[in-house]
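Visitor: Sequence:
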Amino acid sequence: MPQNLFEAACQMPALRQLYIKWSGITSLLPLAALPRLTHLHLGSSPSAAPLTVFEQLPHLQALSLENIRAAADLSFVQTLPGLRSPAIAGDGNRIKHLPLKSLAPLVALRKLEELSLSVVRLEDPSLAVLSRLPRLHTLWLSNQFLYTEVARLAGLRPDIACDRFAAVSEPVSGIGCKHCGQGGRMVMLCGKGQPWACNVCHPERISKHHVRFEAIREAAAAEAAAQA
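Plus 44 on top of the position in the sequence shown (first one is 1) and you've got the numbering used here.
It should be emphasised that the hints constitute simulated quantities derived from the structure, not laboratory data. Incorrect hints may appear among the rest.
[Claimed, not checked] BS3-like, lysine-lysine: derived pairs with alpha carbons at most 27 Å apart:
#1 145 to 155
#2 65 to 145
#3 236 to 252
#4 236 to 222
#5 140 to 65
#6 236 to 145
#7 236 to 140
#8 252 to 222
[As the list claims (entries may be wrong)] Derived DEER-like restraints, expressed as beta-carbon distance ranges:
#9 224 to 263: 32 to 42 Å
#10 265 to 131: 48 to 58 Å
#11 220 to 263: 33 to 43 Å
#12 214 to 237: 16 to 26 Å
#13 71 to 143: 21 to 31 Å
#14 220 to 145: 35 to 45 Å
#15 58 to 139: 31 to 41 Å
Predicted model, so just to flag it, every value in this text is computed and none were measured. Don't be surprised by glycine CBs; every beta carbon is placed ideally from N, CA and C.
All chains should be built: construct the whole structure from the sequences, respecting the hints.
Guide: See the structure below:
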């Protein structure tokens with residue numbers, strides 16, 4: 045979508061949902077004319093800015109930003125107290141990670157219920173801030189976070205449903221083991237930089253990772269119980 049078509053779409057003040065798969069948008073200022081907007085998806089719009097325009101969307105509940113460089117600084121969410129379902133992603137096609145400075149600004153979102161973080165890289169690797177979001181119940185994470193941080197969060201907030209709250213994934217079909225040549229045996233170990241492993245050829249590697257993950261999770265759970 046070119047900038048002029050985007051500006052035309054923003055001339056419908058009653059619009060409540062806007063989905064843009066990809067665009068050449070550079071200025072998001074026309075969004076200020078959509079005060080009733082509740083759901084917004086901006087896909088692959090690298091130069092889109094400024095994100096501070098979202099503060100003029102008082103009813104915004106769901107916001108998805110994909111491959112937008114300005115989203116590396118999440119401070120813009122602090123002016124969106126009604127946001128319930130944000131999704132932040134880098135460039136999934138080229139596997140180009142968005143370098144997020146910190147997740148700390150998310151603490152301002154007291155109504156946040158769902159969160160998706162994919163194809164991103166954290167300069168501050170801590171995920172503990174997510175444990176302070178009282179309504180968060182569903183979390184989607186790509187496997188680009190330290191397993192120590194994921195395990196700790198799993199212990200602090202066992203009530204959150206997250207696809208990464210397991211030390212080892214289920215066997216993945218379609219990926220063969222380079223050692224035994226068999227398919228359907230490869231599992232993904234939780235955590236950035238962790239290798240794939242065959243549950244037949246590498247049982248010790250898988251077991252050790254599971255033990256480390258569970259130890260961190262249990263320690264965090266005990267910490268949370270002591271503070272309750």
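Visitor: Now, for every hint given, state plainly whether the structure supports it.
Guide: Going down the list of hints, with the structure as the test:
1. Proposed proximity of residue 145 and residue 155 is supported: the alpha carbons are some 22 Å apart, at most 27 Å.
2. This hinted pair checks out: residue 65 and residue 145 have alpha carbons roughly 25 Å apart, not beyond 27 Å.
3. Of the pairs offered as hints, the one joining residue 236 and residue 252 holds, with about 16 Å between alpha carbons and a cut-off of 27 Å not exceeded.
4. For the hint pairing residue 236 with residue 222, the CA-to-CA distance comes to about 21 Å; that is within 27 Å, so the pair holds.
5. Taken as a hint, the residue 140 and residue 65 pair is honoured in the structure, with Cα atoms around 17 Å apart against an allowance of 27 Å.
6. Pair hint residue 236 plus residue 145 holds up; C-alpha atoms about 17 Å apart against a cutoff of 27 Å.
7. Note on residue 236 and residue 140: the hinted pairing holds, with a Cα-Cα distance of about 15 Å set against a maximum of 27 Å.
8. Among the hinted pairs, residue 252 with residue 222 is consistent with the structure: their alpha-carbon atoms are about 21 Å apart, no more than 27 Å.
9. For the pair residue 224 and residue 263, the beta carbons lie near 35 Å from each other, so the given range of 32 to 42 Å is met.
10. Under the hint 48 to 58 Å, the C-beta atoms of residue 265 and residue 131, about 28 Å apart, miss the expected range.
11. For residue 220 and residue 263, the Cβ-Cβ distance of about 36 Å falls inside the hinted range of 33 to 43 Å, so the restraint holds.
12. Under the hint 16 to 26 Å, the C-beta atoms of residue 214 and residue 237, about 21 Å apart, fit the expected range.
13. The hinted window of 21 to 31 Å between residue 71 and residue 143 holds, with their beta carbons roughly 23 Å apart.
14. Range check, residue 220 to residue 145: Cβ separation about 39 Å, and the 35 to 45 Å hint holds.
15. Between residue 58 and residue 139 the C-beta distance comes to about 39 Å, which sits within the given range of 31 to 41 Å.
Violation of the numbered hints given earlier is confined to hint 10; every other hint is satisfied by the structure.
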